[in-house]
Amino acid sequence: ETGVTQSPTHLIKTRGQQVTLRCSSQSGHNTVSWYQQALGQGPQFIFQYYREEENGRGNFPPRFSGLQFPNYSSELNVNALELDDSALYLCASSLDYPWTGAETQYFGPGTRLLVL
Amino acid sequence: SQQGEEDPQALSIQEGENATMNCSYKTSINNLQWYRQNSGRGLVHLILIRSNEREKHSGRLRVTLDTSKKSSSLLITASRAADTASYFCATDAGDYKLSFGAGTTVTVRA
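For the protein sequence lines, the chains are A and B, in the order given.
Count the first sequence with our numbering and you get residues 1 to 116, in order.
Count the second sequence with our numbering and you get residues 1 to 110, in order.
The hints are simulated quantities; they were obtained by calculation from the structure and are not laboratory data.
Certain hints may be false.
Unchecked claim - Reference listing, derived: stretches of chain A covered by chain B, where coverage requires no fewer than 3 residues with Cβ under 8 Å from a Cβ of chain B: (1) 73 to 82; (2) 106 to 112.
What the hints assert, rightly or not - Label pairs and their calculated CB-CB ranges: (3) B:Ala81 <-> A:Glu54: 40 to 50 Å; (4) A:Gly40 <-> B:Ser68: 25 to 35 Å; (5) A:Lys13 <-> B:Ser68: 20 to 30 Å; (6) B:Gly16 <-> A:Thr14: 46 to 56 Å; (7) B:Gln9 <-> A:Glu82: 19 to 29 Å; (8) A:Phe60 <-> B:Lys69: 24 to 34 Å; (9) B:Val44 <-> A:Ser27: 31 to 41 Å; (10) A:Leu67 <-> B:Gly94: 18 to 28 Å; (11) A:Leu67 <-> B:Glu17: 38 to 48 Å; (12) A:Thr20 <-> B:Arg54: 37 to 47 Å; (13) A:Gly16 <-> B:Ser12: 36 to 46 Å.
Claimed, not checked - Just a sample of chain B residues kept apart from chain A, beta carbon distances all over 12 Å, derived: (14) Gly4; (15) Ala19; (16) Thr20; (17) Asn30; (18) Gln33; (19) Asn38; (20) Leu43; (21) Glu55; (22) Lys70; (23) Ser71; (24) Ala81; (25) Lys97; (26) Ala110.
Remember, it's a predicted structure, so these values are computed and weren't measured experimentally.
Beta carbons: idealized from backbone N, C-alpha and C, even for Gly.
With the rest of the complex left out, here is chain B (with noise of 0.2 Å):
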């Protein structure tokens, strides 16, 4: 099973614009992270977020986490068609493991 939820699944935009998705988790976490992939090989990490925050940045990266509501959001501003991927949270519970959810792909349209 998986702790994390990402949504949208999937998600279309125009180059330029801005991508939102959200991920949603089921237990108290030491930090969440957001990872991406391209075409299936292996993930790159993107950003972590302690729980004892509820913002960061980075570069045209913003990840925003809320601890009450077990849920996390990533932006990327200003989308490049590099930017086409799939994005996982991935949340560390303070065991050995990162439990991620399903993904969200994201096509940017040039």
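Excised from the complex, chain A in its bound form (with noise of 0.2 Å):
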């Protein structure tokens, strides 16, 4: 157990849609990164939080946005869904702004979305 939350644990859209995903981090972890899981693939970085202002971003297009909230929660939100949006979704929380170059991410169990 990592201490991080992500609901729903299982979701299924249609094109077009648009969806949001929730995380609860640990508690006193100010830092979020999300992370798009394909099928069969390594986790590919969406955009990191830290105390509410995104500090980066993949390169994913703009309909994917997040917001980080004062309580250690966080969401991700996608417009427009594609199909190709059909993936494991993961949050993972750590300490502080980190990039000190060693940080522990504890990642919580993944949101599974299917679009249809």
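Hey, can you piece these two chains together into the complex? The hints should help.
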């Protein structure tokens, strides 16, 4: 158990719809990152939030957006869903603004999204 | 695109045997981390090795890092059925993200 929870565990949407995925980080973890993991692939970095501001972004279009709240919860929003958005979405939290080169990220169990 | 590449893609071993998997990466790193994933669920952090370290141990795990070759290996000794999982290496290049490889799927047969 990493202390990071995600909801829902599974979700089915149709193309063009919008979806919101939720993550609850460990208390005190000010940094949250979101990853997309397609079937048979490793996770791909979407973006990171630190103290409620976007801190960095991977190669994902603007229809992927996020929010982080003061209570250590966060959201990933995806608009205009496409079939290729079908994947496992993982959030990961870490203690502080790291990137001192030695921070462990704690992953949640993920939300599996299927877009039909 | 993925920074790291694991080799082999899949590995099947008998319980009690050792399992070795390798990771190669492309750019300079601050550290390299190994994660385990069971049945497509969340990732569990196994071990972190800094760029100035060459070898690290944690229980039955041994990780090596060769920055000149941009490669790392993970050895699991005396494997158990519970070690059946996918294993990923992830590199931290000093920016804000981890870059993962495609993983090695390990099956431990009883």
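Now the hints, each set against the structure:
Judged by the Cβ-Cβ criterion of 8 Å, the stretch 73 to 82 of chain A is not covered by chain B as claimed, because only 0 of its residues qualify and three are needed. Residues of the stretch 106 to 112 of chain A with a Cβ under 8 Å from some Cβ of chain B number 6, which satisfies the need for three, so the listed coverage holds. One distance hint, 40 to 50 Å for the beta-carbon pair B:Ala81 and A:Glu54, holds here, with the actual separation near 42 Å. At roughly 31 Å, the beta carbons of A:Gly40 and B:Ser68 sit within the given window of 25 to 35 Å.
Against the hinted window of 20 to 30 Å, the Cβ-Cβ separation of A:Lys13 and B:Ser68 comes to about 47 Å, which falls outside the hint. Between B:Gly16 and A:Thr14, the C-beta spacing of about 49 Å keeps the proposed range 46 to 56 Å intact. Between B:Gln9 and A:Glu82 the C-beta distance comes to about 27 Å, which sits within the given range of 19 to 29 Å. A C-beta distance of roughly 31 Å is found between A:Phe60 and B:Lys69, which places it inside the suggested range of 24 to 34 Å.
About 20 Å separates the C-beta atoms of B:Val44 and A:Ser27, a value inconsistent with the hinted range of 31 to 41 Å. For the pair A:Leu67 and B:Gly94, the beta carbons lie near 26 Å from each other, so the given range of 18 to 28 Å is met. Between A:Leu67 and B:Glu17, the C-beta spacing of about 47 Å keeps the proposed range 38 to 48 Å intact. Distance hint check: the CB atoms of A:Thr20 and B:Arg54 are about 45 Å apart, consistent with the given range 37 to 47 Å.
Between A:Gly16 and B:Ser12 the CB atoms are about 42 Å apart, so this pair conforms to the stated range of 36 to 46 Å. The Cβ of B:Gly4 sits about 8 Å from the closest Cβ of chain A, inside the 12 Å cut-off, so the non-interface label is violated. Residue-level check passed: B:Ala19 sits 18 Å from the nearest beta carbon of chain A, beyond 12 Å. Every CB of chain A is more than 12 Å from the CB of B:Thr20 (nearest about 19 Å), matching its label as outside the interface.
With a minimum CB-CB distance of about 3 Å to chain A, B:Asn30 fails to clear the 12 Å threshold, and the non-interface call is violated. Listed as outside the interface, B:Gln33 is inconsistent with that label: its C-beta sits roughly 8 Å from the nearest C-beta of chain A, within the 12 Å cut-off. A Cβ of chain A approaches the Cβ of B:Asn38 within 12 Å, the least distance being about 10 Å, so the stated non-interface status is violated. The beta carbon of B:Leu43 sits about 4 Å from the closest Cβ of chain A, which is not more than 12 Å, so the claim that it is off the interface is violated.
The claim that B:Glu55 lies off the interface holds: its Cβ sits roughly 17 Å from the closest Cβ of chain A, which is beyond the 12 Å cut-off. With a closest Cβ-Cβ approach of about 17 Å to chain A, B:Lys70 is found to remain outside the 12 Å limit, as its non-interface label requires. Non-interface status of B:Ser71 relative to chain A is upheld: no Cβ of that chain comes within 12 Å, the nearest being about 17 Å off. With 12 Å as the threshold on Cβ separation, the claim that B:Ala81 sits away from chain A holds: the shortest Cβ distance comes to roughly 21 Å.
The beta carbon of B:Lys97 is not kept farther than 12 Å from every beta carbon of chain A, the shortest such distance being approximately 4 Å. Consistency note on B:Ala110: stated as away from chain A, and its beta-carbon is indeed over 12 Å from all of that chain's, at 25 Å minimum.
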